[in-house]
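Peer 1: Model the placement of chain R on the given structure of chain C, informed by the hints.
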Amino acid sequence: MSTHSDSTTLTQSRAGKYLTFFLAGEEYGLEILKVSEIIGLQPITRVPRMPEFVRGVINLRGKVIPITDLRRKFGMAAEDSEDSCIIVVQMRGIQTGIVVDRVSEVVAVAEGDIEDAPSFGAGIRTEFLLGIGKAGGRVKLLLDIDKVLATSEIEALQAAQQAA
Amino acid sequence: MSPLNLDDAATLLMQLEATDTADLAVLRDALTDLAFENRVPLRAQPHVAKAARVLGTIVNGTAADVQAAFTEVGQSIEEAMKICDAATPPAAVGAVPVAQALAGTVNGATAIAVASGALKKQTQTAEAETAEATVAEAAVAEAVLPPPAVEASVVVAAAPVASVAPAPAVSRHQPPAHSQTERLPDDADRDLLPDFITESVECIAASEAALLSLEENPSDEEAVNTVFRAFHTVKGTSAFLGLTRIAEFAHEAESLLSRVRDKEIAYTQGCADLSLRSVDMLKDLLDVVEKALSGDGRLPLPAGYHELHQALASYDPARDANGVTLAIVPAAEDIFPAPSDAASGDHGSAVSARAESGQAASRKSGESNADATIRVRTDRLDRLIDMVGELVIAQSMIAGDETIDTSTQYELQRKVTHAGKIVRELQDLSMSMRMVPLRPTFQKLARVVRDTATKAGKTVQFTTEGDDVEIDRNMVDRLGDPLVHMVRNAVDHGVEPPHERTANGKNGLGQVRLHAYHASGNVVVELIDDGRGLHRDKIVKKAIEKGLIESDKGMSDSDVFNLIFAPGFSTAEKITDISGRGVGMDVVRRNLEEIRGRIDITSAPGKGTTFSIRLPLTLAVTDGMLVRVGSERFIIPLTHIHMSFRPEPSMLSTVVGKGEMVLLRGELMPVVRLHRLFDVPDAVESPLEGLLMIVGDGNKRTALLVDDLLGQQQVVAKAIGDGLGKVPGVSGGAILGDGRVGLILDVNETVALAQNTDSSSSLTRSVAA
Chain C
5 MSTHSDSTTL TQSRAGKYLT FFLAGEEYGL EILKVSEIIG LQPITRVPRM PEFVRGVINL
65 RGKVIPITDL RRKFGMAAED SEDSCIIVVQ MRGIQTGIVV DRVSEVVAVA EGDIEDAPSF
125 GAGIRTEFLL GIGKAGGRVK LLLDIDKVLA TSEIEALQAA QQAA
Chain R
-16 MSPLNLDDAA TLLMQLEATD TADLAVLRDA LTDLAFENRV PLRAQPHVAK AARVLGTIVN
44 GTAADVQAAF TEVGQSIEEA MKICDAATPP AAVGAVPVAQ ALAGTVNGAT AIAVASGALK
104 KQTQTAEAET AEATVAEAAV AEAVLPPPAV EASVVVAAAP VASVAPAPAV SRHQPPAHSQ
164 TERLPDDADR DLLPDFITES VECIAASEAA LLSLEENPSD EEAVNTVFRA FHTVKGTSAF
224 LGLTRIAEFA HEAESLLSRV RDKEIAYTQG CADLSLRSVD MLKDLLDVVE KALSGDGRLP
284 LPAGYHELHQ ALASYDPARD ANGVTLAIVP AAEDIFPAPS DAASGDHGSA VSARAESGQA
344 ASRKSGESNA DATIRVRTDR LDRLIDMVGE LVIAQSMIAG DETIDTSTQY ELQRKVTHAG
404 KIVRELQDLS MSMRMVPLRP TFQKLARVVR DTATKAGKTV QFTTEGDDVE IDRNMVDRLG
464 DPLVHMVRNA VDHGVEPPHE RTANGKNGLG QVRLHAYHAS GNVVVELIDD GRGLHRDKIV
524 KKAIEKGLIE SDKGMSDSDV FNLIFAPGFS TAEKITDISG RGVGMDVVRR NLEEIRGRID
584 ITSAPGKGTT FSIRLPLTLA VTDGMLVRVG SERFIIPLTH IHMSFRPEPS MLSTVVGKGE
644 MVLLRGELMP VVRLHRLFDV PDAVESPLEG LLMIVGDGNK RTALLVDDLL GQQQVVAKAI
704 GDGLGKVPGV SGGAILGDGR VGLILDVNET VALAQNTDSS SSLTRSVAA
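Protein chains in written order, with my numbering: chain C, 5 to 168; chain R, -16 to 752.
Here chain C stands alone, though its shape is the one from the complex (with noise of 0.2 Å):
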């Protein structure tokens, strides 16, 4: 899949539709082919011994989906909004669900209009980020929902929890 960090094949591959959404005042960009719908948010059964952002599971028609409550993954304060829902992303195969406060469009981002994350240095991630779109006057952060939801760092996390 798309895990490549490669610039030639990310910038390739950049440009097209992108839902956006809003976290904490910031409006973020999500490929719109990994969508696969978008719910209300909903009674959520926590999964005890997850990490925070790991909300916990839902019920998605007979099928049990995790939940990532995307404020937490990146470290903001958690809150949940009469706005809040939930955006049902499809990766590799496995559905999954991530939280934010509230969803504003569909907009098709031109490669031109796509810079790359510059680096703020330590302490703030952005390898979580395709690059940050201009569409529409406003800056918006394209993320690369693959990395952000990569299982491999909830392992690492568990394996912290086991280690602890």
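Every clue listed holds true.
Listed below are several chain R residues computed to face chain C (Cβ distance under 8 Å; list not exhaustive): (1) ASP369; (2) GLY372; (3) GLU373; (4) GLU615.
If you are wondering where the hints come from, they were derived from the structure by calculation, not from laboratory data.
In this text, all values refer to a predicted model and were calculated from it rather than measured experimentally.
Ideal Cβ positions, reconstructed from N, Cα and C, are used throughout, including at glycine.
Peer 2: For chain R alone, coordinates are given in the frame of chain C:
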């Protein structure tokens, strides 16, 4: 079997006319059966078959000259009778003159009336059988009949006619073997055959792909092995099922490949040709079996069988390297072997024969209960079951909706209830789709018993009961291996050798019995042997030797017997190649635990042993107890729960101020606070206000502290999100009645988790944050 013989046929023929097509058809069927049932000598069969064929033309109205056809039939039967006379022992020869005499003397109105009357009463088979017995008696009687026997003779003449009718019926159920045209063997297992066909077709498809890749890369050993294995599998299974033709053919094909594999010959063009043609031939052969299964059980050989068989057997790498020329393939061998003297002009009859078999097939399919099946991918099936489950929940949500006013909206409520009924039926149906009977599993075990008994020099009678009990398809596969182990053990260790049995006053024939039945929502499979039983003392001695226990004090018989499931435990004095290495029983238990089965042993020395395996009906549904911990709910599988109770203060104690213990009826168990382990807020803190639930098995029991029991529930276990990886302590999720997800606890893991975690503090959150 069919009581009609040639003489009867001759008699009958004389009494019939061209217009009695229905009776003629019956006679033709009877003759056809006769030809295929080895009741006439081999050399007579072509004549009988010819008679049947010509008779067929009369019945169909295709005979050019009816009278000539009649004569021909008569001649054929006569020829066949002559051959019979030459072949049959003297006692039976007497029958011919008797019958002929009868045909001559009783060729009067009475006989015909009785005969045709009997024909119309085809259903009265019982009468016919009585009459049949008379035939047998009459056959050995002297040719000169004394006056009192005349009456009986009328019966004799009638008997064959009456018994014509049951003949085809009998033959349908037990297709007899025939030397010329194969039929399904009598003992062919019609339940196993469809599986065999599907499996073989898959094997062959795989081998075909491998053959093609082999052609591109002749040194691909893996491909050669794939093909070899495919042929080998087909050979083995078909031989087991009595399909000798397929076995023979697969054997030749396998031999060719084995020569390639052993580098004896190169994989040349010719070799490739032959292999591919063999694959095609196997496909044809399987096709034939499949048709026979749904049709009349005949197994005509596909065109070119002999030629290809020959070419395979005589493959010469030097001569055939660039291709193999097969002998010109003649037209398909028909189900009626054409005798050399009647080889010409048989075209029409062959057609009629086909029409006939077509009729037979359609007649068969009308009453056949052979299950028509369709293969569906399990993930689709699972999805369907999921969706139906959702439908049930959605429906119950509608039914429980508060906006439906039960007092006024009677009509609406009625409709909702109606829909609910349909949904529930749909749910039952979707669940049943995963279920398969245990029969094939049990049948394989019969073979295991036979082989093991032969090796161990024992005589064992194997009986099965309840093999129509159905369980989940996924479980059947995983039940097979443990059962094989156990059955072997029962035969090898359980049942004594014949001399020992007789010395102990038992029947020399050992009994091993498999019994499956439903009991309180579970399927129980019992394996019962009447062998020497388990000796408590021996097991205890061994267990102490192995350091498994220190003494058997306080252990019940069943506890002691359960020791045989410990790894490395074996009481067999010597290791045979069948069993005794001590790897068996612990594997058995582990495999059974995987499918959530529980195994119990009861045994009495000298009387025998009973292993009873208790299995859930399906893996998809878990019987669980829904418990509340704080505001969260968990499902604990019922199989793990022994009891729950509210403790008295005197029952609780702590170790070093931390580790909590509960003393119940003399048993000390650690208390695991679920709310601490899983970091649940607002849960009941004091065990005195909550409930303790005893879980675990054997000596390692644990008390789980929960707030409350919400009730018992059947839930459909699902993997919780693939994205999460393995969740410690949780085996899966289930959709609860309100549509939310409940987590199913993995009890063993939870207990282990509690032991590894400092229960007084919860690290989880702090690490994650």
